[in-house]
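Chains A and B supply the protein sequences, listed in that same order. With the first letter of the first sequence counted as 1, position 181 gets the number 180 in numbering that gives the first Met the number 0; the numbers rise by one all the way through. With the first letter of the second sequence counted as 1, position 222 gets the number 221 in numbering that gives the first Met the number 0; the numbers rise by one all the way through.
If you are wondering where the hints come from, they were derived from the structure by calculation, not from laboratory data. These numbers were taken from a predicted model, which means no experiment stands behind them. Just so it is clear, CB atoms sit at the ideal spot from N, CA and C, and this is done for glycine as well. It is possible that part of the hints are untrue.
Quick list of simulated restraints, FRET-style, between CB atoms [claimed, not checked]:
(1) Arg79/B to Gly26/A: 34 to 42 Å
(2) Met0/A to Arg79/B: 40 to 48 Å
(3) Asp14/B to Trp2/A: 38 to 46 Å
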Amino acid sequence: MSWLLRFTKSTIGLKVIMALSGLALFGFVIGHMLGNLQIYLGETTLDHYGESLKSNAGLLWIIRATLLGILTAHVVSSVKLVLRSKAARPQGYKQWKSKVSTYASRTMKMSGPIVLAFLVYHLLHFTVGFDSLGLGDTAVSTTIEHCSHVAAGELDCPVYANVIKGFSAPAIVAFYIFAQLLLGMHLGHGAYSMFRTLGLNNPRYDRLARAFATGVAVVIVVGNCSIPLAVLTGVVGG
Amino acid sequence: MNLTLHVWRQKGPNDSGAFETIQASGISEHMSFLEMLDFVNEKLESDGKQPIVFEHDCREGICGCCGFMINGQPHGGRPRTTVCQLHMREFSDGEELTLEPWRAAAFPVVKDLMVDRNAFDRIIEAGGYVSVRTGSPQDANALPIEKDHASRAFDAATCIGCGACVAACPNAAGMLFTGAKVTHLGLLPQGEPERYTRVVAMTEQHDAEGFGHCTNHGECSAYCPKGISLDVIARMNADLLKAQFKNRD
Chain A
0 MSWLLRFTKS
10 TIGLKVIMAL
20 SGLALFGFVI
30 GHMLGNLQIY
40 LGETTLDHYG
50 ESLKSNAGLL
60 WIIRATLLGI
70 LTAHVVSSVK
80 LVLRSKAARP
90 QGYKQWKSKV
100 STYASRTMKM
110 SGPIVLAFLV
120 YHLLHFTVGF
130 DSLGLGDTAV
140 STTIEHCSHV
150 AAGELDCPVY
160 ANVIKGFSAP
170 AIVAFYIFAQ
180 LLLGMHLGHG
190 AYSMFRTLGL
200 NNPRYDRLAR
210 AFATGVAVVI
220 VVGNCSIPLA
230 VLTGVVGG
Chain B
0 MNLTLHVWRQ
10 KGPNDSGAFE
20 TIQASGISEH
30 MSFLEMLDFV
40 NEKLESDGKQ
50 PIVFEHDCRE
60 GICGCCGFMI
70 NGQPHGGRPR
80 TTVCQLHMRE
90 FSDGEELTLE
100 PWRAAAFPVV
110 KDLMVDRNAF
120 DRIIEAGGYV
130 SVRTGSPQDA
140 NALPIEKDHA
150 SRAFDAATCI
160 GCGACVAACP
170 NAAGMLFTGA
180 KVTHLGLLPQ
190 GEPERYTRVV
200 AMTEQHDAEG
210 FGHCTNHGEC
220 SAYCPKGISL
230 DVIARMNADL
240 LKAQFKNRD
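Next comes chain B alone, as it looks inside the complex (with noise of 0.2 Å):
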C-alpha cells in the first residue's frame, strides 16, 4: 500500500519546526505503525535525508516508549494499543496520515515526534515510590490485601507513562498519570504510610511542570493504552482535600 505522510519535522528543540510531506510506497499491512516508519527511513537514509525520529524501545505495548499523534488520536485511536502494536492493515492504501508529537510545555520537543517526558520522572521522584527499610524479606502473604485494593491498584499499576493522556487531554493535564500513582501506591498497605504527603508533593510537581487542570473530559482515558480509569483522578482528588485534614504540617 502507498501513503502520504504529513510529518511534523523539528530539528531541535529550538527549532520552530514543520510538516513535510513524504511519500511511503511499498507498504505491507503486516508492518507495525513503527516498522512502517522504518521502512521509511530506510529510503530518507538512501536518499542522503534526515530519518524521521520516534522514541521507541520495547515495540511490545510496555514500556511507554512510543507515541505520537496519528490524524489527532494519540497512539492512532486504536482502544488500547500503543503505536507499535498498531499494524497498517488499520490503514487503507492511498490515506493521507498527519504526524504530530505530543503537545504541551511539559514535553518540549526533542526532534520530530520525540519529546521529552523528564516531566513525568520528576513527578514520580515528588513522591511515587514507598520508603522501604531493608532487612529479612517478609512472608510474602503475611500483609493481608483487600481483593478490591489488589485489583484496582494493580488496574492503576499497569500505566505505562508513555503521556497519551496528556496529549489527548484538551487542558494538556497530566492528572491521569498523576492520579494513577497516587491510586496505585495509595490503596496498597505500603504506600499508606506516606498515603497523604505523596499526594500533596506529587500534585504540586504536577503544577510546577506546567501540565494544566483536569475538566473532567474523558479523554485522557478515552486514548490511555492501558485503559487507565477516569476514577483515578477523582481517588486524587479525594486524597488531596482528606490530605488538608490528615496532614499536620
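Just chain A, with the same shape it has in the complex (with noise of 0.2 Å):
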C-alpha cells in the first residue's frame, strides 16, 4: 500500500482528498438546507424531521462520525497545502497583478476557516443550545428546548419553535447571513475547482461546470439566508 501513502502525500493527492471530501460536504450543505427548508411547511412537517433525524441514535452518530472525519480530511489537507504554498514563495512580489483569478479563488483559505468557526458557533447554538458569541438578547441555552421521550421510541422535538427562539436576535441573523456569504463564495470556486482536481473537466462542459458551481453556491445562500430572515421578519413564525 506504499504506493497509496506515495500518492495522499502528494501535491495533487492531497488536492484530490480536498475534491472527494468537499464533494461529501457539497452534498451534505444541500441536504442539510433541503431538511430546513421544510420550515415553509409547518410547524408539525419540520418537528416531525428533526423526530425522524433523532429517533435512531446510532446512525445518527455513525453520520456524525463521518461527516467529522471527512471534515478532518478537508481541513487537514488544506493546512498542509496552504503550508507547502507558502514555502514554495518564502520572498513575496513587491507588486502582483491578478489577470484572472476571482476574489473567491484567492480568499478560499481565509473563507474557510471563517466557515469552519461559523460551524462550531452554530453546532454550540442548535445542537447544544448556547450562543457562545453572546449575540442574542438573552442566553439561547436557557430557551432552546431538546427533545424529549414521550413514549418507548417516540421523540418530542421542537425543532421549528427552537428555530424562532434562535434567530430571534438580529445580530445572530447578521453573522448567520455573513456566514453563508461565505460558504457561498468558497463553495461556489470549491464546486468548479474540484471537476479539474478530479480530470472530469472537457472544454464542451467547462461552462457548464462553471454555471453549475456558481448556480448551486447562489442556490444554498438564498435558501439558508432565507430561514433566519423568514423568522426575524416575521414571515415564519410570526
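Two chains, each in its own frame: build the complex with the hints.
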C-alpha cells in the first residue's frame, strides 16, 4: 500500500482528498438546506423531520462521526497545502497583479477557516443550545429545548420553536448571513475546482461546470439565508 | 521617452538584495524591452556601475530564456508575449516600472533578474521523454494519430519552459509546465507506453523541487506567453489518478 501513501502525500493527491471530501460536504450542505427548508411547510412537518433524524441515535452518531472525519480530512489537507504554498514562495512580490483569478479563489484559505468557526458556533447554537458569542439578547442556552421522550421510541422535538427563538436576535441573523455568503463563495470556487482536480473537465462542458458551481452556490446562500430572515421579519412564526 | 526603473538588484544567490531606482532616458519606442535594458546597461557600464543581469537568448519569443516581472505581471502582461517581444511603445513617457525576478523557492535568484530554472530540467529528466529504440526509421506517416490528439499535443508542446506560470501562480506551482509536458507526450502514440509511469515520476519531481499546488486560479494560463490551457493540469490530474489503478508496482 506504499503507493497509496505516496499518492496521498503528493500535492495532487492532497488536492484529490480536498475535492472528494469537499464533494461530500457539498452534498451535506445541500441536504441540510433541503431539510431545513421544511420550515416553510409548517411546525408539524419540521418537528417530524427533526424527530426522524433523532429517532435512531446509533445511525445519527455514525453519520456525525463520518462527517467529522470527512471535515477533518478536508481541513488537514488544506493546511498542508497552504503551508507548502507558503514555502514555495518564501519571498513575495513587491507588486503582483491578478489577471483572471477571482476574489473567491484567492480567499479560499480565509473563507474556509471562517466558515469552520461559524460551524462551531452553529453547532453550539442549535445542537447544544449555547450562544457562544453572546450575540442574542438572552442566552439561548436557557431557551433552546432539547427533544424529550414521550413514549418508548417516540420523540417530541420542538425544532420549529427553537428556530424561532434562535433567530430572534438581529446580531445572530447577521452573523449567519455573513457566514452563508462566505460559504457560497467557498463552494462556488470549490465545486468548479473539484471538476478540474479530478480531471473531469472537458472544454465542451467547462462553462456548464462553472454555471453549475455558481448556480448551486447561489441557491444554497439564498435558501439558507431565507430562514433566519423569514424568522426575523416575522414571515415565519410571526 | 524617459522612464524610472525600480530594479531588483541582488549580487548573488546568498545576497539579500534590494530595489534600486535607475533613470532610463532617451528610450526609443521601437526598442524591445530587452534592448531598452541593453541601452540602460551601456550607460551603467560607462558610468563604471554593474549592469542589470537578465537572462536572454533567441530574442524571438521561442527559447524560454527571458522573463521577469514588470509591474507585477510576468513578461509585462501583454497577451502571448515574452518580454523580448514586448516593445517600449506599450509604455508611456515618464512611467515608473518595477522589475522583479520570478519569486519561487524552486527558482533561486542567480543575480538581479536572472533565476535558476534547473528545477524544470530535473522535472523533464524525471519522465519528460519517450524511450525510442534506434534502428531503421519508420515511414513518417505510418503511425495513425487522431487529428484532435495531434492538435492538443502540439498546443501543449509549444511550452517554452520560461517559468512565467510559476511566477504568476499565487502558490508558485509548476503545474502548468508539468501538465503541458505530461499532456504533450501522453496524447501521442510514441508517449503512450510510458504515460502512467511518466506522470507519477514528473509530479513527484515537481513536489520534490518545492513548487506549490494548483488552486485553479488560472493566472498561469493567462500569463503564459504561449497560452497553454489550464486543461493540461486537469489532464495531468486525471492521468495521475488513473495511474493509481494502472501501475502495478
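**Prompt:** Which of the stated hints cannot be reconciled with the structure, identified by number in ascending sequence?
**Reply:** none
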